[in-house]
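**Student:** Sequence:
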Amino acid sequence: MAALGMQKVDLVGLSMGGPVTAAFIEKYPRYVRKHILIDPSGTRRVELPPLLKLVKVPILGDLLLGLFGSGSMLKGIASDLFDPNLVEVFQNKYKVQMQYQGFKRAILSTMRSGMLGSFMQTYTTIGGLKKPTLLFWGENDTTTLFEDHALILQALPHVEFHAIPNCGHIPHYEKPHVVNPVLLEFLLR
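Residues 1206 to 1394, numbered by this note's numbering, are exactly what the sequence shown covers, in order.
Accuracy of the hints is not assured; some may be wrong.
30 angstroms max Cα-Cα, derived DSSO-like pairs, lysine-lysine [to be verified]:
{"hint": "1", "residue 1": "Lys1239", "residue 2": "Lys1335"}
{"hint": "2", "residue 1": "Lys1232", "residue 2": "Lys1336"}
{"hint": "3", "residue 1": "Lys1239", "residue 2": "Lys1380"}
{"hint": "4", "residue 1": "Lys1309", "residue 2": "Lys1298"}
{"hint": "5", "residue 1": "Lys1309", "residue 2": "Lys1232"}
{"hint": "6", "residue 1": "Lys1280", "residue 2": "Lys1239"}
{"hint": "7", "residue 1": "Lys1380", "residue 2": "Lys1336"}
{"hint": "8", "residue 1": "Lys1380", "residue 2": "Lys1335"}
{"hint": "9", "residue 1": "Lys1232", "residue 2": "Lys1261"}
{"hint": "10", "residue 1": "Lys1336", "residue 2": "Lys1213"}
{"hint": "11", "residue 1": "Lys1335", "residue 2": "Lys1232"}
{"hint": "12", "residue 1": "Lys1213", "residue 2": "Lys1335"}
{"hint": "13", "residue 1": "Lys1298", "residue 2": "Lys1239"}
{"hint": "14", "residue 1": "Lys1213", "residue 2": "Lys1239"}
{"hint": "15", "residue 1": "Lys1280", "residue 2": "Lys1232"}
{"hint": "16", "residue 1": "Lys1280", "residue 2": "Lys1258"}
{"hint": "17", "residue 1": "Lys1258", "residue 2": "Lys1309"}
{"hint": "18", "residue 1": "Lys1300", "residue 2": "Lys1232"}
In short, the hints are calculated from the structure, not lab data.
Starting from the given sequences, assemble the full structure and let the hints guide the process.
**Tutor:** This is the structure in structure tokens:
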């Protein structure tokens, strides 16, 4: 960061980005000013179904993800939204992301590297740092369950929490008119 002339940054972690940003803060707290979590994972270990566990096997996993990954990911992303009217538009935007070189490889790397485990110890550690933290959670999230917000609040007792009604896993997309003003006000403080 010093090479880039940056003193401190604000980090936003959506879903699996929650543990990623938390781990960064744990390792480099001096570089982070504020932390925003949006429906973060890492409150409990995610157990993959037997078929998905095959993705972790070198070569076989690459082949399976190459053959079936796009369709499976697009179907899966539909369950991230509470409002069915937004699914097709969001899937079309997600298809664009999926075209980037390395997209599937990054998903595979995430699944193989332990990012689906529990990060509660990391959340608890950064909770002790008392960094200004904002937490959004869609009340109808079926990916990272809404009730898990209580675990984050326990680990980060100073967090500013906003439950978003009638909303799934991606509240900043599904309810930007609710999320964005709160997020902007938090960053400008």
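**Student:** Each of the hints needs a verdict: does it hold here or not?
**Tutor:** Status of each hint after checking the structure:
1. Lys1239 x Lys1335: Given pair Lys1239, Lys1335 holds - Cα atoms ~10 angstroms apart, limit 30 angstroms.
2. Lys1232 x Lys1336: Distance of about 14 angstroms is within 30 angstroms: holds.
3. Lys1239 x Lys1380: This hinted pair holds, its Cα atoms lying about 22 angstroms apart.
4. Lys1309 x Lys1298: holds (16 angstroms)
5. Lys1309 x Lys1232: holds (27 angstroms)
6. Lys1280 x Lys1239: Violated. Lys1280 to Lys1239 sits at ~33 angstroms, over the 30 angstroms cutoff.
7. Lys1380 x Lys1336: holds (26 angstroms)
8. Lys1380 x Lys1335: Between Lys1380 and Lys1335 the Cα gap is close to 28 angstroms, so the pair holds against 30 angstroms.
9. Lys1232 x Lys1261: holds (27 angstroms)
10. Lys1336 x Lys1213: holds (12 angstroms)
11. Lys1335 x Lys1232: holds (15 angstroms)
12. Lys1213 x Lys1335: Holds: Lys1213 and Lys1335 sit about 15 angstroms apart, inside 30 angstroms.
13. Lys1298 x Lys1239: holds (28 angstroms)
14. Lys1213 x Lys1239: Cα-Cα ~9 angstroms, so holds.
15. Lys1280 x Lys1232: The given pair, whose Cα atoms are some 35 angstroms apart, is violated under the 30 angstroms limit.
16. Lys1280 x Lys1258: With Cα atoms ~18 angstroms apart, Lys1280 and Lys1258 stay inside 30 angstroms; holds.
17. Lys1258 x Lys1309: holds (16 angstroms)
18. Lys1300 x Lys1232: violated (33 angstroms)
Hint compliance for this structure: hints 6, 15 and 18 are broken, all remaining hints hold.
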